[in-house]
Amino acid sequence: MPSFDAVVIGAGVNGLACAGRLSKAGLKVQLVDQAAQVGGAMATREFAPGYRVSAVAHLVNALDARVESGLDLARHGLKWSARDLATTALGENGDHLVLCGAFGERLDGSISAADRAAWTELRVRLLRFAAVLAPFKAMSPPRLAANAGNDLIALAKIALKLRLLGRDDMREFLRLLLINVADVVEDEFADDRLKGLIAFDATLGAHLGPRSPNTLILLLNRLASQAAGTVAGLALPKGGMGAVAAAMANAVAELGVDVRANAPVRRVLVEGDRAVGVELQCGEIIRARHVVSAANPKTTFLDLVGRPQLDTGFVRRTRSIRMRGGAAKFHLALSGAPDFRGADLTSRLVIAPSVNAVENAFNAVKYNRFSEKPVMEIIVPSAFEDGLAPAGHHVLSAIVQFAPREVEGGWNDRRGAFGERIMATLEAHAPGISGLIVAAQMLSPEDIERDYSMIGGDWHHGELAVEQMLFLRPAVGAAGYATPVPGLWLAGAGSHPGGGVSGAAGWNAAERLIGSEGAQ
Amino acid sequence: MKFHDAIVVGAGHNGLVAACYLAKAGLDVLVVEKNDWIGGAAVSRSLHPGFTYSNCSYVSSLLRPEIMRDLDLPRHGLQILPYEGGAVFTRDGGYLAMYRDHDANRREFARHSPRDAEAYDRYARDILRQCRFIRPLLMRTPPDPTSFKPRDLSELAFLGRKFFGLTETERYDMIRFWTMSISDFLDEYFEHPVIKAYLAVSAIIGTALGPMSPGSAYVLLHHYMGDVDGNVGAWGFARGGMGSITQALAKSLEAAGGKIRAGSGVARILVEKGRAVGVVLDNGDELRARRVISNLDLKRTFLTCVDEKDLPAPFVKQVRRFKTRGSSGKLNIALDGLPRFPALPDGSPCIKGDLHFTDSVERMERAYDDWKAGHFSADPFQDMMIPTLIDPTMAPPGKHFMSCFVQYAPPKIEGRDWGDADRDAFAETVIAQIEAHAPGFRNLILHMEVRTPRELEAEVGLTEGNIFQGELTFDQLLFNRPVPGASQYRSPVKDLWMCGSTTHPGGGVMGAPGRNAAAEILRDARKPLAMSDAYAVL
Amino acid sequence: MNDPRLHFNTPLKTTPFHPRIAAANRLNAWGPWGGYSTALVFDDEAMEHTAIRNQASLYDLSPMTKYRVAGPDAAAFLDRLTIRNVAKLAVGAVHYTAWCDDEGKVLDDGTLFRLAENDFRLCCQERHLPWLLDSAFGYDVTIDDETESVAALSLQGPCSFAVLKRAGLDAVAALKPFRMAEFAIGGIPVMISRTGFTGDLGYELWTAPDYALALWDRLFDAGSLHGLRPIGTNALNLARIEAGFIIANMDFVPADIAVRADRARSPFEIGLDWMIDFDKGHFNGRRALLAEKQAGSSRWALVGLDIDGNVAADHAIVYAGRTREVGVVTAAAWSPSVKRNIALAMIERPFHAEHSGDLWVEIYALRELQYQKLMMRARIVDRPFFSHSRRRATPPAEF
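Protein chains in written order, with our numbering: chain P, 1308 to 1827; chain G, 196 to 733; chain V, -13 to 385.
Hints listed in this document are in silico derivations from the structure and should not be mistaken for laboratory results.
Possibly wrong hints are sitting among the right ones.
Straight-line alpha carbon distances no greater than 20 Å define the calculated DMTMM-like cross-link-like pairs of lysine to aspartate or glutamate that follow [to be verified]:
1) 1605(P) to 383(G)
2) 266(V) to 1494(P)
3) -1(V) to 382(G)
4) 512(G) to 1494(P)
5) 512(G) to 1475(P)
6) 266(V) to 30(V)
7) 518(G) to 1494(P)
8) 1331(P) to 1824(P)
9) 607(G) to 619(G)
10) 344(G) to 1476(P)
11) 518(G) to 1580(P)
12) -1(V) to 296(G)
13) 518(G) to 1495(P)
14) 344(G) to 1824(P)
15) 518(G) to 1679(P)
16) 325(V) to 354(V)
17) 357(G) to 248(V)
18) 1605(P) to 120(V)
19) 1680(P) to 565(G)
20) 607(G) to 1493(P)
21) 279(V) to 1479(P)
22) 567(G) to 1493(P)
23) 512(G) to 1578(P)
24) 1605(P) to 619(G)
25) 512(G) to 1422(P)
26) 512(G) to 1428(P)
27) 567(G) to 1499(P)
28) 607(G) to 1494(P)
29) 266(V) to 1578(P)
30) 567(G) to 1824(P)
31) 512(G) to 1476(P)
With these hints in hand, go ahead and build the complete structure from the sequences.
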């Protein structure tokens, strides 16, 4: 007899969300993770003595509302040190443009009246379009087949929402669906900072440049999310991302999930063509009626399940899942507050001076090089709360694009050179910052892959790109969380709707699994 | 004053196709053309004594067989000649050839990668599946997905039936294909960089995309969905140059009673009370007609020929943001003899096909990066052909015409107009690339015409030198082409129609836009359609 | 002349036996097979068929696609690839097998030779290297195309054993059907398997290309008294129809090259379901095939037909109750061996069973530039149409 109803592999945001949801439905759940601490890429780490920072993800922009309320994360200790974080598009000479409120409800800074008006119009339109797509995130992706168990009511509602846009907006929606973000911003605005920022946001975490078709939809995807109760908002958790992990861990523990850290899985046990449990690296076997993997889909299928249980076509598709991470993480310990020419340090700072700056930064990564002039998103968490750095000192966390998983020359030798490029960019926008450095850390996609089991260093566990979205995610044959192996489920970021500190994939997977139980 | 049933602005292939169908339906049609010759971008020009240049479009595959038949083009002199294979030369002095013979081709691929040689059949099968889906859509007016009109609904239902007629796996494959980059798509089949480079070519020709841009796989399809005598994906020459197509169309038009007036540029399309009523020519002549059909691209039609006050403001905005970035240039060269490519063994038929010098997808993408930055490519991609090896009519015996289609060339150099020095430098990169693979080539050049987007716009009238009259990305395809709400050949101005490549299904010497436009016009005029149905796809 | 770039001069290759075949091919009737020129008929198709059933015949098998699969995981890999149980295939044995895609549709059928514990040869009609390599991902095996490096002949007919014996190979007598062994004919090393595509007594001989001509000559020296003659593809095709064998791209379309997705067929639909071993563990397409079996969702059935009259029904449409189209004839012939008008046909289920007494075949017989349309009654019959005890007798009879 299996000891558990479900064993969940990987205690990142999705594994935790999934385990919590399953437990709420009365299932007896074992959650295992290879690391000493649960949370996966939601981690607050000390990267230099006395300096702590969110190690990978550093902002919340998509925490699924079902997860946040369903696990009652507030009661379990999740606090926000900032909600509705503003974004400062750093100008060259201190002429910053600030987008206040969710996705720039208000623009601060010098910008032409025409651009202001165009921004108001485009913003509303994009938010409306995003709202049409948003319901997809909280459901299993539909299959393109009749009698496939699709949620027809939910789909009909989405279709109705689309129609209710009205003729002109619906046409515009269909035009913009697969367009590149650069054309949209260049059609609408003159201001390089605004164009650069939107181009940056659309391609953040993607392996695409703003001139690549299919990039506006990535922006819509961001806008279809919510954080701390605000649609399209940004929020910073108190204590860094590790605090979100802690709150989720508390929540699932209270729900009765048995959480085991330091328990790496060697393989998924398959008997009689059904997943029946997992074998840990230590040799221990945990049997369960369901095995749920929140690990990377390639790892899950090719390593944990293994080739002999899977068909060749499916293996081909799994191997073809593209996971080219393009972002590096950069951390600085600073002896004082950096001065980005007067920019508000309690906002998100973005260095993306123009569409071409983002595009040029992207060009490099196509050829396995890092950007000579990288673009980046910067948070100074210590400006929001004390305790992350010694008094008077600061920590800076930046997501820097673009950096390839395998750099020409190897990261061992090229790490310093990329660090210099990043510092040159930072110094240009925050003169004197170099003099404040106490310690620095750069995590290349290679480092992120190694430390967080993210193949390619891709935090989405499969690039977020149209041909890898919805019913195509992570691969045809495993898009509905169910996999070709009965009893084995996917629940990680590699599944719809993708990565980020969200938990939506895990929650959806759990609901799908629960639904299958009901059907039995 | 003569009052025509229809005036077609521009004697390009689509304008002529539309005119032919209208004339055959009994309408009194006049085609006006700004140049002293007709043909638009499907022309044969004598620019050097004894030589005929296909100086714009240079090969044929897409011209719909229904049109050739309906308009009796072979009787009017059109002959399409299939051509043999092709090759891409590699930097190390080798080459990859493409042969018409399946087995020879497999062995050639196997010379580079035994695995890829056997992967090709599945690849070809998958491309053919996409072709089978799209071909029946070419000769149909796209439905307006926001409309509740019975016809739009029934066309949408047709699309739906076609889509759901596929197997579930095919449906996913199709969506992936339409949204992927050709580079990623090829990676799923092939391992050898040169094989991928050769196959990626069709995905970038004419577009403002690189092989790594999502959506480029569709462009490949756009170049594969034609056929030569039922051989889907095959390409050929028009005997006598591409002008033979438009000459045959002109003869067909004449036979149907239509008229062409060359050397008559349209200064303005006359709009009165919201209706197009005729055109004013550059010389001031005013010609009146029941309707005006523009073969010009969207921008040229509405930003140049129509007064802005006659157009709704939102439409003007849509037109302004229509993307027509040119990406290609061309060298047309008269040669004193046949260049020798030492890499090719004697007797190789490849020289009679399309020759390329870009042996990796990465090199193509870098060429595209130059374009994005506003430069012509330092290491360009070119599709080079010597049509005279198949068609003896285009040059004196022993001499040859060479057509070099080159990417990428931006509409403007770093934001400023092309100058003659830019043009010459552009030509030099191309010549140097050929010379590197064909020593002595340079000395064979008797005459050369260099065409950048500047020349294409000035002579042919293609805005920004875009050969497709508008880029082929999803935001400008199907019901989005040219702009949402005007995708059915009509415009906001009553009786002003569009029939160029700027409309569905887009560019290439296909004729489908012209035929579809004529079909819509005749439908509105309640005239019978004298045309074959789309050919059965079995 | 060995410049590999010059294949445009030889779109079709020649096999190692070509000099002898060209000399014997009086009709100069050639056809392509797998990139090679092969003889369709040498001089008289009927006499060539007669040799298969009456004396001995020699057919050049070299163009057959041959993959060598070797390595510690070779058996596991092949078990995983094919639908039949490779564990049951002994060293020195051959079995007929097939392999499927994920949807359980047949990619090809072929013969699998177990040359040694970890060494196999897979022979088939189509090319599958990418599929084999991708299927081998995660297995310690090497897969090599040895089509060009192995020359093969098929010696078939009641006198085939006698020919070998006269060539000095008495030891072949012990070889049972679907077994193979290494021999030497006058110093020529040759692997002989008791296999074939005729449903008759016969052997297939495998050797290195360098020995090809010598082997051919030895066989004809030994076979002259037994009426040995070279045969072309046409005669062999007639024999294989009599034997009820199917061929990829003639009787079914391999799933990975079927442009029209509905043309793919499962083993149930082409009569190969007897091979499937659902109990051997996972193999490619197992889940789909099990689902098909449990749901009974097979749509087609490949059947043998016995058709009235004597006009071969090639590619004829099959009707149930004279009006409803239910299938197509994939191969047909008047069989000289059984004196019946036989055919293989792909029939939509359930008509293969329910209407088996009411099936009709529409034959268009072109006779002196006029079609005579024949609506002939057809009965479903068991395959093979032709079988003879001499095929399996060990030791074989000597004529």
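Q. Is the hinted pair residue 567(G) and residue 1499(P) satisfied, with a Cα-Cα distance of at most 20 Å?
A. Holds, because 17 Å separates the two Cα atoms, which is no more than 20 Å.
Q: Would you check the hint for residue 1331(P) and residue 1824(P), treating anything up to 20 Å between C-alpha atoms as holding?
A: holds, 14 Å
Q | Given hint residue 619(G) paired with residue 607(G) - CA-CA distance at most 20 Å | A | Answer holds: residue 607(G) to residue 619(G) is near 15 Å, not above 20 Å.
(Q) For a C-alpha distance cap of 20 Å, please report whether residue 518(G) and residue 1580(P) respect it. (A) Violated, at about 53 Å.
Q. Would the pair residue 512(G) and residue 1578(P) pass a check requiring their Cα atoms to be no farther apart than 20 Å?
A. violated, 63 Å
**Q.** 20 Å limit on alpha-carbon distance, applied to hinted pair residue 512(G) and residue 1475(P)
**A.** holds, 13 Å
Q) Taken at face value, is the distance from the CA of residue 382(G) to the CA of residue -1(V) at most 20 Å? A) violated, 30 Å
Q) When you check the alpha-carbon spacing of residue 266(V) and residue 1578(P), does it fall within 20 Å? A) holds, 12 Å
Q) Keeping to a limit of 20 Å between CA atoms, is the pair of residue 1605(P) and residue 120(V) held or broken? A) Judged against 20 Å, a Cα distance of about 15 Å means the pair holds.
**Q.** 20 Å limit on alpha-carbon distance, applied to hinted pair residue 266(V) and residue 30(V)
**A.** violated, 47 Å
Q: Measure nothing beyond the straight line between the CA atoms of residue 512(G) and residue 1476(P); if it is 20 Å or shorter, mark the hint as holding.
A: Cα-Cα ~15 Å, so holds.
Q.
What's the verdict on residue 512(G) and residue 1422(P), does the C-alpha distance respect the 20 Å limit or exceed it?
A. holds, 15 Å
The structure fails hints 2, 3, 6, 11, 14, 15, 16, 21, 23, 24, 30 (numbered hints given earlier, in ascending order).
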